Amino acid sequence: MRSTGIRRTVAAVGVSALALTACGGNTDDSASGKTRITVNCMPPKSAKVDRGFFEEDVAAFEKQNPDIDVVAHDAFPCQDPKTFDAKLAGGQMEDVFYTYFTDARHVVEINQAADLTPYVKELKSYGTIQQQLRDIYTVDGKIYGIPRTGYSMGLIYNRALFEKAGLDPDRPPTTWAEVRTAARKIAGLGGGTVGYADYSAQNQGGWHFTAELYSQGGDVVSPDGRKATVDTPEGRAVLQTLHDMRWTDDSMGSKQLLVINDAQQLMGSGKLGMYLAAPDNIPILVKEKGAAYEDIAIAPMPGGRATLVGGDGYMVGKKASPAQIRAGLKWLDHMFLTPGDGFLGDYARAKRHDAPVGLPEPRLFTGAADAKDQQVKKANANVPVGNYQPFLDGSASLDMKIEPPHAQQIYSVLDGVVSAVLTKEDADIDRLLKDASGKIDGILARG
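Using our numbering, read the sequence shown as starting at 1 and increasing by one per residue.
Careful, some of the hints might be misleading.
DMTMM-like cross-link-like pairs, simulated, lysine to aspartate or glutamate; straight-line CA separation at most 25 Å [stated by the list, open to error]:
no., residue 1, residue 2
1, Lys-319, Asp-333
2, Lys-401, Glu-361
3, Lys-401, Asp-231
4, Lys-318, Glu-178
5, Lys-434, Glu-234
6, Lys-164, Glu-56
7, Lys-164, Asp-244
8, Lys-124, Asp-135
9, Lys-401, Glu-56
10, Lys-185, Glu-294
11, Lys-351, Asp-280
12, Lys-287, Asp-224
13, Lys-372, Glu-56
14, Lys-439, Asp-262
15, Lys-164, Asp-135
16, Lys-401, Asp-69
17, Lys-63, Asp-262
18, Lys-45, Asp-346
19, Lys-63, Asp-80
20, Lys-124, Glu-234
21, Lys-439, Glu-109
22, Lys-124, Glu-288
23, Lys-401, Glu-163
24, Lys-319, Glu-178
25, Lys-330, Asp-370
26, Lys-351, Asp-341
27, Lys-48, Asp-80
28, Lys-121, Asp-69
29, Lys-48, Glu-361
30, Lys-401, Asp-74
31, Lys-330, Asp-135
32, Lys-271, Asp-370
33, Lys-287, Asp-250
34, Lys-227, Asp-441
Simulated restraints on C-beta separations [what the hints assert, rightly or not]:
no., residue 1, residue 2, range
35, His-73, Glu-178, 38 to 48 Å
36, His-73, Ser-222, 34 to 44 Å
37, Ser-254, Gln-130, 39 to 49 Å
38, Gly-442, Pro-223, 18 to 28 Å
39, Asp-170, Ala-371, 23 to 33 Å
40, Ala-445, Lys-378, 41 to 51 Å
The set of hints was computed from the structure by calculation and includes no laboratory data.
Since the model is a prediction, treat every value here as computed from it, not as a measurement.
Beta carbons are placed, not taken as given, at the ideal position from N, Cα and C, and that holds for glycine.
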């Protein structure tokens, strides 16, 4: 799952926009002398600043490349898992299309991705991208996509509530036992304050269970992807901790079946001590939910073993012509893969429009490209970067693990497990894990 969707969430600020006509198709329009590509994941009109940035960058690209016509389609979220396969199968997907990391192999297996291997040498930035991210879009030695962003999960916490509860905000919890202790103290403040919140609906409970299982050193499926591995001591430890925090400590509040927006609302209102999320939640908490940057911090995933990482990138449709593939790669270089510039990297522009700069996002680049990107980011930082240092320091020693295969189907199964534990005090953890394991085995067997 993607943590939020659009990377920057900012206040509505008027920006002049270039009108882009939305139309689909897989024709390169070579008769006009131009190569035409359709692309997706343009921010919606409601996200005025991001929309303006995107349109400005497309206009600049077309000016630099007068032989390429870019037709952008907006979407939020950038990908709807319910319609993704149908669009691919029906030939309705854009030429250059957004994907989650977990989509890469699937799109290749259903024969809907162009092989980019002969063309990536023309992509100036490709060799500077982190190898582990490139590997996600490499299947059987062939390159089928280009990573754009990454995220890793950690523990977002409220520094002000930590202080009120007598906890040191500069020393956040690093183990689940410490999370439990801190949550109990924060909940003890009363007034409807919740120590720790977790999701348990809309597949988000299964997503978080996976992250928590990784943090304990466990996994959801076996290395060969054929068998469930949730019915394990690590899986029981995750559920027992949630059960005890919910029912023994009463530190998770009485309202359950929460999703991401519920946790964000609680944190933004100053009524939540901690929840698991990626750093891109922080600007949402401030811009939309009423929190202050000074109060919001993030620590590494508790447990010290591993953290869930995800992200996104772009692939090119199977029917794209060589000219469209080349044009698409040029567009990706311009928009997303130029250090310190482009839609995601123009930190000076972001700062001018009050967008957050300096959040602890995983590094996309290596070497000199990374050094330049970090230099420009540091020069334009406008958030309290010290609040994120524990996350940066602690995450460096964790294993980075991507989501399991058939993630959404598996998350749906695990949702029921987490929701049962959080809504039924007498939930049978062993039975829940055994039943979930059988269901996941069935999902994996169907391929």
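Structure-based check of each hint:
Simply put, Lys-319 and Asp-333 have alpha-carbon atoms about 21 Å apart, close enough for the 25 Å limit, and the pair holds. A distance of roughly 16 Å separates the Cα atoms of Lys-401 and Glu-361; the hinted pair therefore holds under the 25 Å criterion. Pair hint Lys-401 plus Asp-231 holds up; C-alpha atoms about 19 Å apart against a cutoff of 25 Å. Taking the CA atoms of Lys-318 and Glu-178, the gap is about 50 Å. The hint is violated against a cut of 25 Å.
This hinted pair checks out: Lys-434 and Glu-234 have alpha carbons roughly 13 Å apart, not beyond 25 Å. Restraint check: the Cα-Cα separation between Lys-164 and Glu-56 comes to about 45 Å, which exceeds 25 Å; the hinted pair is violated. Proximity of Lys-164 to Asp-244 is assessed by CA-CA distance (about 23 Å); at most 25 Å being required, the pair is judged to hold. Under the criterion of a C-alpha separation no larger than 25 Å, the hint pairing Lys-124 with Asp-135 is consistent with the structure, at around 18 Å.
At roughly 35 Å between alpha-carbon atoms, Lys-401 and Glu-56 are farther apart than 25 Å, so this suggested pair is violated. Annotation: proposed proximity of Lys-185 to Glu-294 holds, straight-line Cα distance about 21 Å (limit 25 Å). For a cut-off of 25 Å, the pair hint linking Lys-351 to Asp-280 stands: about 16 Å separates their Cα positions. Our distance criterion of 25 Å between C-alpha atoms is broken by Lys-287 and Asp-224, whose separation comes to about 43 Å.
With a CA separation close to 22 Å, the supplied pair Lys-372 and Glu-56 stays within the 25 Å bound. Simply put, Lys-439 and Asp-262 have alpha-carbon atoms about 28 Å apart, too far for the 25 Å limit, and the pair is violated. A C-alpha spacing of about 45 Å is found between Lys-164 and Asp-135, which places the hinted pair above 25 Å, so the restraint is violated. Restraint check for Lys-401 and Asp-69: not satisfied, since their Cα atoms lie roughly 38 Å apart, outside the 25 Å limit.
Note on Lys-63 and Asp-262: the hinted pairing is violated, with a Cα-Cα distance of about 44 Å set against a maximum of 25 Å. A C-alpha spacing of about 20 Å is found between Lys-45 and Asp-346, which places the hinted pair at or below 25 Å, so the restraint holds. As the CA atoms of Lys-63 and Asp-80 are separated by approximately 32 Å, the hinted pair breaks the 25 Å bound. With a C-alpha separation of about 43 Å, the suggested pair Lys-124 and Glu-234 falls outside the 25 Å cut-off, and the hint is violated.
Distance check on the hinted pair: Lys-439 and Glu-109 sit about 23 Å apart at the alpha-carbon level, within 25 Å; holds. Only pairs whose Cα atoms come within 25 Å are accepted, and Lys-124 paired with Glu-288 is rejected, the gap being roughly 37 Å. A C-alpha spacing of about 33 Å is found between Lys-401 and Glu-163, which places the hinted pair above 25 Å, so the restraint is violated. For a cut-off of 25 Å, the pair hint linking Lys-319 to Glu-178 is broken: about 53 Å separates their Cα positions.
Proximity of Lys-330 to Asp-370 is assessed by CA-CA distance (about 20 Å); at most 25 Å being required, the pair is judged to hold. Restraint check for Lys-351 and Asp-341: the C-alpha separation of about 13 Å stays at or below 25 Å, so the hint holds. For the hint linking Lys-48 to Asp-80, the alpha-carbon distance of about 21 Å falls within 25 Å, and the restraint holds. At roughly 22 Å between alpha-carbon atoms, Lys-121 and Asp-69 fall within 25 Å of each other, so this suggested pair holds.
Annotation: proposed proximity of Lys-48 to Glu-361 holds, straight-line Cα distance about 23 Å (limit 25 Å). For a cut-off of 25 Å, the pair hint linking Lys-401 to Asp-74 is broken: about 30 Å separates their Cα positions. Pair hint Lys-330 plus Asp-135 holds up; C-alpha atoms about 20 Å apart against a cutoff of 25 Å. Of the pairs offered as hints, the one joining Lys-271 and Asp-370 is violated, with about 38 Å between alpha carbons and a cut-off of 25 Å exceeded.
Taking the CA atoms of Lys-287 and Asp-250, the gap is about 30 Å. The hint is violated against a cut of 25 Å. A threshold of 25 Å between alpha carbons decides the hint, and for Lys-227 with Asp-441 the separation of about 5 Å falls inside it, so the pair holds. For His-73 and Glu-178, the hinted distance range of 38 to 48 Å is satisfied, since their beta carbons lie about 46 Å from each other. At about 39 Å, the beta-carbon gap between His-73 and Ser-222 stays in the expected band of 34 to 44 Å.
Distance hint check for Ser-254 and Gln-130: the Cβ-Cβ separation is about 43 Å, which falls inside the suggested range of 39 to 49 Å. Range check, Gly-442 to Pro-223: Cβ separation about 19 Å, and the 18 to 28 Å hint holds. Asp-170 and Ala-371 have their C-beta atoms about 28 Å apart, which keeps the hinted 23 to 33 Å range intact. A beta carbon spacing of about 50 Å between Ala-445 and Lys-378 agrees with the range 41 to 51 Å that was offered as a hint.
In summary, the numbered hints that this structure violates are 4, 6, 9, 12, 14, 15, 16, 17, 19, 20, 22, 23, 24, 30, 32 and 33.
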